[in-house]
Every structure is written in C-alpha cells, then in structure tokens.
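Asker: These protein sequence lines map, in sequence, to chains A and B.
For what it's worth, our numbering labels the leading residue of the first sequence as 89, then goes sequentially.
For what it's worth, our numbering labels the leading residue of the second sequence as 564, then goes sequentially.
Hints in this document: simulated from the structure, not taken from any laboratory.
Heads up, a few of these hints could be off.
[To be verified] Computed cross-link-like contacts, BS3-like style, restricted to lysine-lysine with a CA-CA straight-line distance of at most 30 Å:
1) K144(A) x K158(A)
2) K114(A) x K577(B)
3) K577(B) x K620(B)
4) K620(B) x K158(A)
5) K572(B) x K633(B)
6) K114(A) x K157(A)
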Amino acid sequence: SQQGEEDPQALSIQEGENATMNCSYKTSINNLQWYRQNSGRGLVHLILIRSNEREKHSGRLRVTLDTSKKSSSLLITASRAADTASYFCATGIQGAQKLVFGQGTRLTINP
Amino acid sequence: NAGVTQTPKFRVLKTGQSMTLLCAQDMNHEYMYWYRQDPGMGLRLIHYSVGEGTTAKGEVPDGYNVSRLKKQNFLLGLESAAPSQTSVYFCASSLDRADYGYTFGSGTRLTVV
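Same shape as in the complex, but just chain B (with noise of 0.2 Å):
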C-alpha cells in the first residue's frame, strides 16, 4: 500500500497566486487531515474531515479552503498566497478520530514570494 501520498512535493509560488494541494490515501481511513509545520511552531492543524463530504476547521484555517468529495482525497486550496504561508504542509489520516495513530505524507515544501 502506497498510504498517505501528498502531491505535489515542492511548490513556488508568488503572492497572490493560487493552488492546490492533494492528498490521497489508499487505507479507507475515514478522518483527514492538513497540518503546516513552521520552526518553533511545531504542528498546527489547518482543517480537517471526519467523513466524505465533511470538513471542519482547525486552529489556524484563515486563507485556506478545503474539499472533502472522495474519501481517499482531501484537497488544500490557496485562493490567493501570501508569504505567511510558506510553510512545510503534512497532510495525515487515521481510521477513526483521535484514539488511533496518524499515517502522515511526506509533506509539500510550499514558498511564496
């Protein structure tokens, strides 16, 4: 099994640009998450789905919109990019809340400039 499979891995953007983010899991996990990691911020939570077709907000979702459609893909959108939001960005997912592990991607090292 592939797991969880972040795409793309590197990304340059420049401010005011917008994109997306993928991820895909092949685990049937119902929950999904996207993290970013900053230095010294450790991780923090962007959004998050409990299900197909759900989202949910976490502690820091401003400027960024999600989409739940499948259940083995959780998208990450930037409408319009800032340089505060060059970050690393780890999507997980896990069978069932928070009482199981988290199966994270390898990440996506995002830059605005």
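Just chain A, same shape as in the assembly (with noise of 0.2 Å):
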C-alpha cells in the first residue's frame, strides 16, 4: 500500500475560501514534500518540512506535521483559480535515497 495518502481525494471550494488537505504516512519519515500538478504537466515542488519540524510557511500555503500522528496537512489560504491543480505528498523514508508519493488531492477552485 501507499506510505503517503492524501484526503480527500477531490475538494471542490469557491474562490478565496481556504482549501487543507491531509496526509497519512505509515514508517518513520526525515521529510515530507507537497507537491502541485496542473493538468498535463509535471510536478512542481511547493515545501519540504523535516521531521524535526511543526510548522512552516510559503506564501499562502502553510504545511504542518505531526509526527507523532504520522500526518501533515497543506493549507492554501484566500484561493485562486490558478491554485485548480493536483496536490501530492511525498515523505522520506529514514534510510531510503528515494520519495515515496501519494495518489493526490484533485483540487478545483470554482470562481
């Protein structure tokens, strides 16, 4: 099964609301990456958070991670209808040379 995995799957919200998404992961971690895809194109980095840390910021985004929990959350404040895309988390495994991603949150930003 998947070491990340995201909920929801799809969220639907009006622009300028905040949109959070959550993510799961299963064995311990020295990361955690969100990532964003548009349709039809690659994957584009967004943050890292390690697992020494709580919280960070980017812009309008803020990432959390509990560790104990085994969770994160991405939270995009005052949304934009350019924010419509995939959201993937993707964890370092302790020990691996290699991300593991989850299957991602569909995002739509109706305006």
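Put the complex together from the two separate chains, hints included.
Answerer: In structure tokens form, the structure reads like this:
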C-alpha cells in the first residue's frame, strides 16, 4: 500500500476560501514534501518540512507535520482559480534514497 | 536553465516494439528518477540512479531498463512494449537523496496498442 495517502481525494471550493488537504503515512520519515501538478504537466515542488519541524509557511501555503500521528496537512489560504491542480504529498523515508508519493488530492477552485 | 527535459513528449508504440525515453538535466544533480503515473495509482517509481554509472530498481521495474552513462542523462528503455506500459512517464532529479525537492520534467505520454 502507499506510504503517503492524501485525504480527501477531491476537493471543490469557492475562490477566496481556504483549502486544506491531509496526508497520512506509515513509517518514520526524514522529511515530507508537497507538490502541485497542473493538468497535463509535470509536478512542481512546493514545500519541504523536516521531521523535526512542526510548521512551515511559504506565501499562501502553510504546512504542518505531526510525527506522533504520522500526518501532515497543507493549507492554501485565499484560494485562486490558478490553484486548481492536483496536490501530492511525498515522504522521504529514513534510510531511503527516494521519495514515495501519495495518490494526490484533486483541488478545484470555482470562480 | 532548462531544468529537466524529457523527449519525446508523445509516442505511440505497437506491442512488442522497443523505445528509449531520454531525460536530461542541466542542474548538476546527482540523483535521477523515473516514475510512471497512472489514473488512481499516483506516481510509482520505476528505476533510479544515485550517480553516474549507477542504477537501482524501484517499485515497478519489470519490463524496463535504465542507463546513466553521463551524469546529466538518464535513459529509460522498453525492450518489448506491452499495453500495460501505457502511461505517462516522468523523470525527476534532485541534488542529493530525498532530502531535497525534486525537479520534474514535463512528462512523456506513451500509448502501447
């Protein structure tokens, strides 16, 4: 099964609202990363949070990490139509040389 | 900088044909990866490389081979294509291990008929 699982699988909100996506994982990690994928394009790295960090901000993005619950959340504030995309979490597992990606959350921002 | 460039962008193969997908990066990254993306399956790692001349198997390596003869290039080969290999293939690179963000190419959409 996937190391990282996003919830919900799909989310539809109105422009200007906040969007929250969650990611759960199973094993100990060094870091957790979030990526965005616009339709038909490659993934774009958004933010990385290390296992010893609890919260990180980047512009309108806020990521939290709870290692005791093995979960992370991505908050996008004041959403825009351009935020419509799929969002993936990826975990850097301790001792591994690669990231493991979840199945993604498809976010739709309605004008 | 171009980042990560994948060629070709689209390809249709007949069952049994072979092809090579090329990934080139100009960021002097050590690590390179090949993923496939299928609906409902997320990204699955096929093979990866931790440096020039090295390769390793990922989650779904069967039916694929790779080579990293030069640091900047990572080739993915399909020796005898099967319909199950219809997918979108993404190459990615990173500076060092999984402690850094990946830079992805724009993908190759492959259809095997």
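Asker: Look at each hint and say if it fits the structure.
Answerer: Hint check results:
no., hint, in the structure
1, K144(A) x K158(A), "holds, 16 Å"
2, K114(A) x K577(B), "violated, 39 Å"
3, K577(B) x K620(B), "holds, 25 Å"
4, K620(B) x K158(A), "holds, 27 Å"
5, K572(B) x K633(B), "holds, 22 Å"
6, K114(A) x K157(A), "holds, 9 Å"
When the structure is compared with the earlier hints, a violation turns up for hint 2 alone.
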